[in-house]
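Chains A and B are the protein sequences, given in the same order.
FYI, the numbering for the first sequence is 1 to 521, going by the working numbering.
FYI, the numbering for the second sequence is 522 to 1557, going by the working numbering.
Simulated from the structure, these hints should not be mistaken for lab results.
Remember, it's a predicted structure, so these values are computed and weren't measured experimentally.
Cβ coordinates follow ideal geometry from the N, Cα and C atoms, glycine included.
Some clues are possibly wrong.
Claimed, not checked - Partial list, computed: chain B residues near chain A (C-beta under 8 angstroms):
1. Y1009
2. S1012
3. D1020
4. A1022
5. L1099
6. L1103
7. L1184
8. G1197
9. A1200
10. Y1202
11. G1206
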Amino acid sequence: MKKLFLILGISMISFTSCDKFLDINENPNQPTAVNVDLVLPTAIVRAASLSVSYSSYGGHLAGQIANAGGFSGFGAMLTYRFTPGYYSQWESAYDNLNDLQYVIDNTEGDNYMALFNGVAKIMTALEFHRLVDQHGDIPFTEGVKGNQNVAPRYDDDMEIYQALIDRIDEGLTVINNASFPKNLGAASDPLFKGDINKWKQFANTLKLRLLIRMSGVSALSSFVNQKFAALEKNFLTDDALVNPGYVKDRPNPTWSTWGYTTTGNVATSSRVPTYFIYGFYDGNKLVDPGRGSVIFNDFGNASRPTPLNQLGNEVGNPPIRTGYSPWYTGIRESASSITDALGVVKGPSQGQPLMLAAESYFLQAEAQLKGFIPGDAKTSFENGIKASFRYLYKTVAGTVAADKNVDADFQKYKDDNSISYLVNFDEATTDEERLEAIITQKYIALNMITAEESWNDYRRTGYPKHDIAGNRYYNMASVTSEASTPDKLPTILKYPQSEYDYNPENVKDLNVFGDKVFWAK
Amino acid sequence: MHMRKMLFASVLFLLFALPAIAQRVLTGKVTDSNGDPIPNASVMARGTRVGTVTGQDGTFSLNLPPNAKALEISIIGYETQVVTIGASNTYNVTLVESGDELGEVVVTAGGILVKRRELGVVATSITPTQITQGKASNFAASLSGRVPGLQVNAVNGGLNPNYRLVLRGQRSITGNNQALLVLDNLIVPNNLLGNLNPEDIEDIQVLNGAAAAAAYGSDASNGAIVITTKKGKKGRSAIKVSQTTTLEKVSYYPQLQNKFGSGTTPDAVKTYTPYENQQYGPRFDGSMVEIGKPLEDGSIQRIPYSPTNARKEFWETGIQNQTDIALESGDDKSTFYLAGQFFAQKSTVPKDRYERMSVRANGTRNIYDNFKVTYTANYISNRYDMTTVTGSMYNEILMTPAHIPLTKYQNWRTDPFANPNGYFNEYYDNPYWSIDNWRQDTKNEYFQGNVQLEYKPFKPLTLTYRVGVSSSNAQNKSKVGRFVFSDYTKSISGSSKTDVAGSVSDSRSGSRQLVTELISEYRKKLGSNFELYVLGAGYMRENQSKNVGVSANGLVIDDLYNVSNTMNNPGASESNSLSRQLAVRGEVRLGFKDYLFLHMTARNDWTSVLEKLNRSFFYPSVDVSFIATDAISALQNLSWLNTLKIRAAYAYVGNVNLGAYALNTTFSQAVGYPYGGAAGYSVGGGLVAAGLKPEITEGPEVGIDFEAWDRKIQGGVTYYKTNTYNQTMSVSISRASGYSSLLTNVGEVQNTGLETFLRFTPIQNKNGLSMTIGANYALNRNKVISLADEFDVFNLASGGGGLVVAEVGHPFPLLKTTKYTRDPQGRVIVDRVTGFPSYDGSYYIKGTTNPPHIMGVDFELLYKGFRLSTIFEYRTGNYILNAVSTEFDFSGAGIRTVWFNRERFVFPNSSYEDPTRPGEYIANTNIQTRSGGADFWTDATRNRGVGENYTHSAAFWKMRELVLSYDLPSKFLGSTIKKATISAQGRNLFIWVPKTNLYTDPEYSHFGSSSNAIGFTTLSQTPPARYFGGTISLTF
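Just chain A, with the same shape it has in the complex (with noise of 0.2 angstroms):
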């Protein structure tokens, strides 16, 4: 008896001294903590990715993209009748955000990494105003609190704009603040490699983009009028192209979608250019073969046309040419040897737009039309069509092709359409028309770029002119639209079906053919 708790109590002994031998709980497969230099990239180029999935939407609702011939079964995409999360981007939106937050946390304060801290801050604001854009009211000010609020409240998309405004204010004042501050580098900044006056260009620009939506709104003339004041003249003047260092095989993401996989196989089949987005290029509505010739695959070859239809039209459509991208307009030899191009669809290396050059001039031209900046709208509406021959005729280097003029096919284009306002501003006789002129050039210089921002003008000023009687040049709804609206359009996206199950008590229905979002028309 006595040998036996003996041994039960050396056992004993032995077992309470084993802390060290359970203290083997440390992470060998993943970090558990890492620095923000090696976080806000990531966050950067996800932002870019993200791009790619907004243009998306924004090109299939507003008549850029439809369904090609040989596939079937698109359902919600051609009937509008929306299912919760249909084209949303939430979820990826707010991991993003989570990244970036990780940035804000972890700098918050600290004057060494404040231009990382500013950086991080401007960049909630995009993604804080593409949510939006989509659904209205979204979770702002509870939002991204990981364990402190895993059902968060969510904010009035009104509020929301002005509180990024204000984002954006902050950021810059602590990257105006900084006192030798560590640099953002080529490796930590895919997008201006460290270059902070381009940083400040990108916020002012997209100031300039929520103020100029909110604009039209009664209730925020004030807000507008106070910050259209206090806005620092200093837009981008550059396309805003992120690039970590896109190759074959970790292709630039419109690559990826919309030219070839890894492989050497068309990555997206099922789709092809719409009459609508056509006719501005081939004389149906406007004469474009610069920009026309660089973006769509067999542009102008009458024997092999380019492959069109009208979005929700499956009788007779056509299938995309074997092996080649409707957007791609390089040489596919085979699976290894894919040409880079010039256009929508360069190459696997091209940098991500995420806001072009163009649209910088053509937000400054309606600001200007408006009078809420100073300056002449004809010349930045000018310098808006001319930034977008040039970014068309960038190669994937981000330099404008050897044998391209923009110059020169500039004022072809004018003298191609000489009658037309929407090229030639001065033949626009009233501000509508100047209005006009601007988004619909706007609307072609972002065509599968960044097409959910035309999407939005739409919305906000009806134009580029949608007809619902009109033939399919000028139609640019779903023929099998179920929409209920005069346009037959949907409004809003539903939320996600993960916020219906996981945040009930503060989600709410929307209604895709009805509800807007607080700047919509």
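Given chain A, work out where chain B should sit, using these hints.
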């Protein structure tokens, strides 16, 4: 003195007076039914006091007193046998094991041996015959229907099918619910389940409840399956060889239509499309039709437009060959058991193969009288050569119209019509090409070894030390061949023929589990009435694993499957895991007069996978056993009642449903990072609550066991109730929080149930005829008591118009499906113009996917070496959603699509809204659907999206096993062969399901054996098969 004189006188009397019946010496051997010697058996001359006991080899020698007429041979555990003394002087006696359950010694949790009478919980014993009679490659298959409360699900078909073993229903919503596997007293990983050689198993004890398994503490929630492997026996040497060949044939095929051929939507006029997979074309008429598109040389196939049986003929007859050899021997000091098995399987899927080789060496040795060592070593090596695209292959077969001679397309390399370039089907690949082009080669090695030292330093004390190791190593190579379609094919087929870039991935993984345990046991009688048993033990377990994988996409050189043969950068992955567990435990059992036993266990665990402050847990249990027939004299007087035992138990045990490193949000490289030397990390989506604890299962179990009418009837009833709370669940949260999930302790599930069994032996003749009928029935009712604060439904899986969820107030897992919109009378509302029904996309409760009722019935007949045995199983009360079937209806292959002959029809039991009185509905007797073809059946809102169309009762009756064996009489055997048995056996020979089940075996589960979301099937499970085979077994 007086006695001696008498004896002397008697001897004299015998010697002189009756010389004819001089004193005889009888010899003989006492063996058990296996032919093993029984030592220490009492051999008495009946009616005298003369007797002896058998030796270690079972032999005896007895000087027979003159007046003895018979020998009485008895020993505890066996039926006493009386042998009439005749002329012979040699009596070999075979004793039949006693039906007295209470005397049986069983292995309980922790490897402790106790008599059944001492046991306050349910434990079911499975014998080697029951395990091996059906010759299943996986012993789990043989447990079906045998143990009340044990649910065995074969979750798929094909090679070495996976099994899911769950005791007493599902407790854990997202965590592990599978029974703990214990091999030779040490916990082993579940991956050993499908690899253990069933022939090596001596005994399986199924410990149904938490109380029975309480000694395992943090691992005890799910009950345990305790397996003991064979050891050699003293005084017996034997060599056993056997050969089994089993055929496997697809037994249950989804019901497909055989009336209509290729054609597609829209279908107002049914037109034939030669290259179409959809089967909404014209009715078969026997005319000659073209199929496919013309080849480059202009040739095209022409075949009769009539149905073939090719879709069934695609499946081959599987063959399984199993060769076994076992040697055993033993003497006073040592025993050994050596066994080897080779198992080879050719699947019903062409070219899929599985092989397994297993060797085992078990032994014991008494080094000193009080020091014994036991060791086991088992090495298993297996290999899978199989396709990775089972689901799409099955889809390709089912998408093939009935008139296509599918089986002709095997030689795709040489036959231009079988080649992907020329295959008739525009949208789906040739399944034979899929099988060849997408393959995987997996090799696994398992080693399981175990050493036990048993030392008895002085009388009441026993010290046992055990150490065991289980390791597994896997190599896996997946290959996808490169295929470039010809320009001609691309030009006529547009985007539907996409080149396959080819890829290869190669991975290695290994895991190792070490367990050591030191047990001290103390046993002492306290006075004449009490007996005390005390146990103290320390325990340690370490689990380590590592996986490394490399993959490459886009091959340069054809047929060179090396990750360096790529035009892109190869991908790489690595993961490691290390976790440890320490425990101390104690047990006390106090017996009173051998009829009342109180047993208590206590265990404290420390685990490395939880936070330091929360990693120590205490788990107690208590059970009581009361033998009423021994204690209460009134019961002893009941002549029909042999034994009656009453038992009760209560346990509080855990389940650490958490792997290593789960306590922190992790970061990973995202959106293509790293790019050319620049790294980037993203915050992961998983939040973890602070202070996670193990899941706790607690609750009582009570029951009775009885034997009556000379033990011809045995039975038992057990009631249990468990509450499982602090469930460790990764609950989804609003993505607006920045995260997608929160790992936390929430939710409670309650299980209550009844387990019963009854065994009846109506015939047991002296001439060897015996018949036994057994039945068991288990009822399990479970209910989700609570979930998280934010929501009361938790999605486990979705697909095919259904969800499997856990929902507060309902059984778990719960199937919810979409339904047609119905009027208040339950009639389906159709559109007054189109006649089409519709649905609103909401999910409605259908019922649980876990069967609340499981019944097993078995039957055994023995006669003169013949043995006939069968076992049936019945399950009911649950539902299944065959998500496979939406595919059948899309392709038009499904039988449903011809219910109305592809004509317009009046939707059964439907109504439409009264146009003059909204809200009122008129019975529909005349409004036909606008289409009865593809426009109806392929449409999501009218048919395919409506989950109720594919949901039905998952009830079934199965004949699990049917075995007929015959032991050849010894007169036919030479002197070298001790025993020869031939047998024929079949498994899953018959299945009976409700008429509403058009599809597949309701036991199947799309999500595999480790998922709790049972109740879904897809095309990834090949059709169920029946197995039948024969065995020859010789013992030398």
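Can L1184 (chain B) be said to touch chain A, with a Cβ gap under 8 angstroms?
holds, 7 angstroms
Should the interface hint for A1022 (chain B) be scored as holding, given a Cβ-Cβ cut-off of 8 angstroms against chain A?
Result: holds, 3 angstroms to nearest chain A Cβ.
Can we keep the A1200 (chain B) interface hint, with Cβ of chain A closer than 8 angstroms?
holds, 6 angstroms
Checking hints one by one. Is L1099 (chain B) an interface residue toward chain A, by the C-beta closer than 8 angstroms rule?
holds, 5 angstroms
Closest C-beta approach of L1103 (chain B) to chain A relative to 8 angstroms, hint status
Holds - the Cβ of L1103 (chain B) comes within 8 angstroms of chain A, reaching about 6 angstroms at its closest.
Return the status of the interface hint for Y1202 (chain B): holds when the least beta-carbon distance to chain A is below 8 angstroms, violated otherwise.
At about 5 angstroms, which falls below the 8 angstroms cut-off, the nearest Cβ of chain A leaves the hint on Y1202 (chain B) intact, so it holds.
Hint check: 8 angstroms Cβ-Cβ cutoff, Y1009 (chain B) to chain A
violated, 11 angstroms
Could you check if G1197 (chain B) really has its C-beta closer than 8 angstroms to a C-beta on chain A?
Status holds, d = 4 angstroms.
Quick check on the hint: D1020 (chain B) CB to chain A CB, less than 8 angstroms?
holds, 6 angstroms
Would you check whether G1206 (chain B) satisfies its interface hint, that is, whether its CB is within less than 8 angstroms of any CB in chain A?
Since the shortest Cβ distance to chain A is 6 angstroms, the answer is holds.
With a cut-off of 8 angstroms, does the beta carbon of S1012 (chain B) approach a beta carbon of chain A closely enough for the hint to hold?
Constraint on S1012 (chain B) satisfied, holds at 6 angstroms.
In this structure, only the earlier hint numbered 1 is contradicted, and the remaining ones agree with it.
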